[in-house]
Amino acid sequence: MKKLSLAFFALFSIGITAQEIDPEIKIASENLEEQMISWRRDFHQNPELSNREFKTAKKIAAHLKELGIETQTGIAKTGVVGILKGNKPGKTVALRADMDALPVTERNDLPFKSEVTTEFLGSQTGVMHACGHDTHVAILMGVAEVLSQNKDKINGTVKFIFQPAEEGPPPGEEGGAGLMIKEGVLKNPDVDAIFGLHINSETPVGTIRYKPEGTMAAVERFVINVKGKQTHGSAPWSGTDPILISAKIIDGLQTIISRDAKLVDGAAVITVGKITSGVRFNIIPESAEMIGTVRTLDPDMKEIILRRMREMVPAIAKAYGGEATIEIQNNTAITYNDPELTSQMLPTLEKVAGKDHIELVKATTGGEDFSFFQEEVPGFYFFLGGKPLDATESAPHHTPDFFIDESGMLLGVKTMSQIAIDYLNQ
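Numbering-wise (my numbering), the sequence shown opens with residue 1 and increments by one.
Keep in mind that the hints were calculated from the coordinates and are not lab data.
Where a beta carbon is used, it is the ideal one built from N, C-alpha and C, also for glycine.
Check each hint, because a few of them may be wrong.
[Claimed, not checked] Each computed DSBU-like pair below joins lysine-lysine, with the alpha-carbon atoms no more than 30 angstroms apart:
#1 LYS229 - LYS355
#2 LYS182 - LYS55
#3 LYS182 - LYS262
#4 LYS187 - LYS153
#5 LYS262 - LYS248
#6 LYS351 - LYS88
#7 LYS153 - LYS318
#8 LYS153 - LYS229
#9 LYS351 - LYS91
#10 LYS211 - LYS58
#11 LYS227 - LYS318
#12 LYS187 - LYS55
#13 LYS153 - LYS227
#14 LYS59 - LYS113
#15 LYS85 - LYS113
#16 LYS262 - LYS318
#17 LYS65 - LYS55
#18 LYS55 - LYS85
#19 LYS88 - LYS26
#20 LYS187 - LYS91
#21 LYS227 - LYS274
#22 LYS85 - LYS58
#23 LYS26 - LYS211
#24 LYS85 - LYS26
#25 LYS153 - LYS351
#26 LYS187 - LYS85
#27 LYS59 - LYS153
#28 LYS248 - LYS229
#29 LYS274 - LYS262
[Unchecked claim] Simulated restraints, written as ranges between beta carbons of each label pair:
#30 GLU359 - GLU173: 35 to 41 angstroms
#31 GLN254 - LYS355: 55 to 61 angstroms
#32 ALA235 - LEU263: 42 to 48 angstroms
#33 GLU173 - VAL272: 21 to 27 angstroms
#34 THR73 - ILE283: 48 to 54 angstroms
#35 GLN254 - GLU30: 34 to 40 angstroms
#36 THR392 - LYS65: 41 to 47 angstroms
#37 GLU173 - PRO339: 31 to 37 angstroms
#38 LYS151 - GLU20: 19 to 25 angstroms
#39 LYS355 - ARG107: 34 to 40 angstroms
#40 GLY252 - ILE283: 23 to 29 angstroms
Please work from the sequences and hints to get the whole structure.
So, in structure tokens, the structure goes:
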């Protein structure tokens with residue numbers, strides 16, 4: 001992208017912030033609010049895990065086709081792409097929503113609560129939209145309808161990307177943004193910029209939060225396999241306990257964060273989220289498996305942490321008479337908001353939500369595979385308020401009590417619709 005001066009952006013911002021949201025966009029969005037909530041509730045009640053979003057994709061494709069939007073299906077297994085050409089030629093902008101749910105059992109008492117269950121990694125679990133992807137899909141379906149009614153305002157092309165497997169594909173499968181890119185989602189027509197949002201249960205309804213440059217962490221998934229020697233639980237000296245070794249490895253991994261990571265340069269996290277071992281209370285098992293994640297916001301720190309993990313895991317196991325291997329897989333890069341694109345679109349956020357409702361925030365250790373799109377083309381990713389205004393607390397994402405106030409979705413439709421038009425018309 002051609003470098004533009006800060007003075008240009010200052011002048012540019014003054015001109016844009018004085019404007020209001022396009023009245024036709026505003027009215028069209030408001031007219032869709034009830035329908036959008038209905039879509040969201042349907043998706044919430046019928047969640048599907050990564051790479052298995054078959055019914056979700058079918059509903060999305062039917063909606064796009066009904067709008068007369070060119071529709072492509074089966075991209076990255078279950079992904080759906082819509083292409084809307086404006087009445088005038090110009091650039092191509094992409095808008096993205098993720099589709100997949102999580103292996104979480106819902107505890108909310110809602111009339112559209114998920115009752116879906118499945119087997120995931122050998123365990124029975126509920127399935128829940130515990131991260132708000134159901135709202136993302138409904139919002140982008142709404143944006144597609146709003147923009148299809150306003151083609152005369154579009155100088156160029158809008159590409160709607162409904163992406164599967166943002167939470168990561170099942171073991172042994174490809175999926176998500178990386179596979180969509182591999183299969184050409186940013187080509188034909190070539191995308192010039194991409195935008196995405198994430199509803200947030202801890203951001204008040206009506207508020208938009210953003211950060212230029214690095215805004216979300218790079219994510220690695222690791223698997224540690226520990227080998228010991230099985231024996232009777234009453235005689236641990238006659239075997240090698242892989243559960244004890246696992247505990248020492250977990251403890252050791254945390255010293256990498258507390259002693260090896262230069263945290264003044266950026267946050268970093270190592271979490272073991274799953275450990276499997278043993279079958280009975282009085283048997284020391286032969287092996288254990290741990291699965292976890294690494295989150296980093298600094299590329300150099302990331303390399304140090306991963307190197308230390310590879311050194312430490314087998315060494316700790318050996319010290320206690322066992323063996324251990326570690327495999328590390330990259331899930332996402334750093335979610336990097338292009339600074340110039342962010343400056344360019346900030347006035348749009350301000351005129352849609354109101355300048356008092358736009359907040360500059362610090363980076364988060366959450367991860368997003370939207371980052372892979374941003375490695376290919378300039379991108380901007382922001383957070384949309386989903387916390388009830390009268391709430392004092394809210395459940396975090398990826399938990400059974402996760403809850404979103406649906407009134408926050410309307411701002412998402414207005415903002416994404418206006419962003420597409422403003423980007424293409426500048």
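Holds or violated: LYS85 and LYS58, Cα atoms, limit 30 angstroms. Roughly 22 angstroms separates the two Cα atoms, so the pair holds.
Proposed proximity, LYS318 with LYS227 (alpha carbon, max 30 angstroms): With a Cα-Cα distance of about 10 angstroms, the restraint between LYS227 and LYS318 holds, given a limit of 30 angstroms.
Could you tell me whether the CB distance from GLY252 to ILE283 stays inside 23 to 29 angstroms? 25 angstroms, holds
Given pair status - LYS85, LYS187, alpha carbons within 30 angstroms: 15 angstroms, holds
Tell me if the straight-line CA distance from LYS262 to LYS318 falls inside 30 angstroms. 28 angstroms, holds
Could you grab the alpha-carbon distance between LYS153 and LYS227 and see if it respects the 30 angstroms cut-off? Between LYS153 and LYS227 the Cα gap is close to 63 angstroms, so the pair fails against 30 angstroms, i.e. violated.
GLN254 paired with LYS355, Cβ distance criterion 55 to 61 angstroms: Given about 42 angstroms between the Cβ atoms, the range is violated.
LYS65 paired with LYS55 [C-alpha distance capped at 30 angstroms]: Holds, at roughly 15 angstroms.
Is it true that the C-beta distance of GLN254 to GLU30 lies inside 34 to 40 angstroms, as the hint says? The hinted range 34 to 40 angstroms is violated for GLN254 and GLU30, with Cβ atoms some 49 angstroms apart.
Are LYS59 and LYS113 close enough, with their CA atoms no more than 30 angstroms apart? Between LYS59 and LYS113 the Cα gap is close to 19 angstroms, so the pair holds against 30 angstroms.
Take a quick look at whether LYS187 and LYS153 sit within 30 angstroms of each other, Cα to Cα. 23 angstroms, holds
Assess, step by step, whether the Cα of LYS187 is no farther than 30 angstroms from the Cα of LYS55, and give holds or violated. 26 angstroms, holds
Checked against the numbered hints listed earlier, the structure breaks hints 1, 3, 7, 8, 10, 13, 15, 31, 35; every other hint is satisfied.
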